[in-house]
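In the order they appear, the protein sequences are chains F and G.
Every position in the first sequence, counted from 1, becomes a number in my numbering once 1184 is added.
Every position in the second sequence, counted from 1, becomes a number in my numbering once 1184 is added.
Note that these hints are calculated values from the structure, not bench results.
Computed from a prediction, not measured in an experiment: that's the story for all the values here.
Keep in mind that a hint or two might mislead.
No copy labels: a pair is met if it fits in one copy or bridges any two.
[As the list claims (entries may be wrong)] Quick list of in silico lysine-lysine cross-link-like pairs, BS3-like style, CA-CA up to 30 Å:
#1 1351 <-> 1234
#2 1458 <-> 1351
#3 1351 <-> 1293
#4 1242 <-> 1506
#5 1351 <-> 1506
#6 1293 <-> 1242
#7 1293 <-> 1234
#8 1458 <-> 1506
There are 2 protein chains.
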Amino acid sequence: MNVSVELKNRTKIAGISSLVGLVGGDMDEVNATILARTGSAVTMIPEVAKHLISSGGKRLRPMLTLAMARLCDYQGEGHVKLAASVEFMHTATLLHDDVVDQSDMRRGKLAARMLWGNEASVLVGDFLLGQAFRMMVEVGSLTCLDVLSHAAVVIAEGEVMQLSAAKDIRTREADYMAVIEAKTAALFAAACEVGPILAARSPAEIAACRAYGKNLGIAFQLIDDALDYGGSSAKLGKNVGDDFREGKITLPVVLAIQRGNAEESSFWQRTLEKGDIQEGDLARATGLLQQHRALVETIARARAYGELARESLAGFPDSPWKQALADVVDFCISRAH
Amino acid sequence: MNVSVELKNRTKIAGISSLVGLVGGDMDEVNATILARTGSAVTMIPEVAKHLISSGGKRLRPMLTLAMARLCDYQGEGHVKLAASVEFMHTATLLHDDVVDQSDMRRGKLAARMLWGNEASVLVGDFLLGQAFRMMVEVGSLTCLDVLSHAAVVIAEGEVMQLSAAKDIRTREADYMAVIEAKTAALFAAACEVGPILAARSPAEIAACRAYGKNLGIAFQLIDDALDYGGSSAKLGKNVGDDFREGKITLPVVLAIQRGNAEESSFWQRTLEKGDIQEGDLARATGLLQQHRALVETIARARAYGELARESLAGFPDSPWKQALADVVDFCISRAH
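I would like the entire structure built from these sequences, with the hints used as guidance.
So, in structure tokens, the structure goes:
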């Protein structure tokens, strides 16, 4: 019986569902852990945390932690708490991001800061970060603690880098790549690295899992940034244009500016740097991205990083886990179409 | 030669200076570590961090970590990084607090958020918290990691508790004590506990050091809260009245409300709950605190907790370290006079 081919066929249609199916039992434990660890006698904490945690995120990062541990034949229980830690680190970042970006919405709901104030978003983020570290300590692997605490530092650096680069149309492609490697890919990489560490696999295998996570994370963020202008079709739908309005300099914009003329440069300067955005500007922006093939090229680069992610798994024998992890790459890329 | 008596005489005058003198060499290393670990290629990070770190805080918490390690005859190097971690945790809390309280000033300088924005204060706080955990991991004691990550969670809980209790004059004394035990005393306790853990001392000795830190932290915060209304003399000087303007319900206010009549209750309701503060209200508030002996009693309680802190050290043989730690208690209390 060739399970992996069966799964491959199934996931060609189902996208991320083979991973969801495989991690099922483990993920139930992660969800129970998340629920238990957002508990506090200080009632505002579970309220705020649950608002965000139960708002239908995909929980992709903790699923990756579980899948990598299983790909590496890990037989213990530590991966559950580390997966919950990874999700808490991610949630803390979202809470703090909303304060930094002054966002009104998150995952289609009012951002926590709109309901409980910036104060609560900052402090509950700190609480979740603290709980994440507590769980890591309970698992007891100093190497995993090193990987995840390093990621916490790099994520914060990436967010500050992004803040420094915002509203500056001279931002170069290399600056942008440094930002997304730090703010997004670092956590994907760490999420994928801790499983093989728990399973005591070889340095080469650990590095391969990390490389998968890092490249998947880059692809994921590139697609996210293309989607913020409607993806390959550049359709103006809901949630489109947030980055534009916040003056974020993402790859689609960097490419379009590079290839644009002086008049276009004035347009980007007025809108992204000065924040002077008028009716029709978002449509003009997406028009320029189309004209300079900036979205198509951003997606092509995402595909290339996705390919690197897939190739990172080459050294592992075929298994349903390996196939599901390869399918995740397709899932992340296909969001843009 | 009786060094401890000599030191005792000296510190009777000098307050905290015997501790400063004793930790000198170790503290130089802590300061070098702090400087090195605020470094980042992302230039905004060291700018923001140094603005606060070099602004003349006493660095009382890391000094306590060093002193407790030496009191317990610790011979290694781990206490330096843990002391720096403790200071980073404290600094991160200050950065986030300023955002939460919307403070304009910190330690007599403009708050970081006024110079670089709330965004930078949130993110650089996150960076410092991450660096704190990295250093703890490098030291490699899972027990110390457990103590400090637990403190991080409790501090965040304390801050949220304070947020929930703010602007609510029904806050009881027990609520207030729970807030300050969490937001202040937890870090003092952890700072004092990690040294004896590194030195592999007995559970009773570790608990004694922790008790010293916890009780000193409570005393420290009680005095801080009395000082916010001018201390025992209730003089209106600079920095007085911040808590009043922010609607923070501290012990002096809780005691005055308890002992006041209905008309006074309306006054507190208008000023603290509704934030409707008019000319002369701060003077009236401090007048009521005087009248009900609320400041005198707050300071008396601080003295009682200070006594508990001092008694916690009873089991340790006399030494310059023990004397210096006892003197720190006097120093903290004497600030109120």
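Verification of the supplied hints:
no.: 1; hint: 1351 <-> 1234; result: between (33 Å within a copy, 25 Å between copies)
no.: 2; hint: 1458 <-> 1351; result: within (7 Å within a copy, 38 Å between copies)
no.: 3; hint: 1351 <-> 1293; result: both (26 Å within a copy, 28 Å between copies)
no.: 4; hint: 1242 <-> 1506; result: within (19 Å within a copy, 54 Å between copies)
no.: 5; hint: 1351 <-> 1506; result: neither (41 Å within a copy, 55 Å between copies)
no.: 6; hint: 1293 <-> 1242; result: within (15 Å within a copy, 44 Å between copies)
no.: 7; hint: 1293 <-> 1234; result: within (12 Å within a copy, 37 Å between copies)
no.: 8; hint: 1458 <-> 1506; result: neither (47 Å within a copy, 60 Å between copies)
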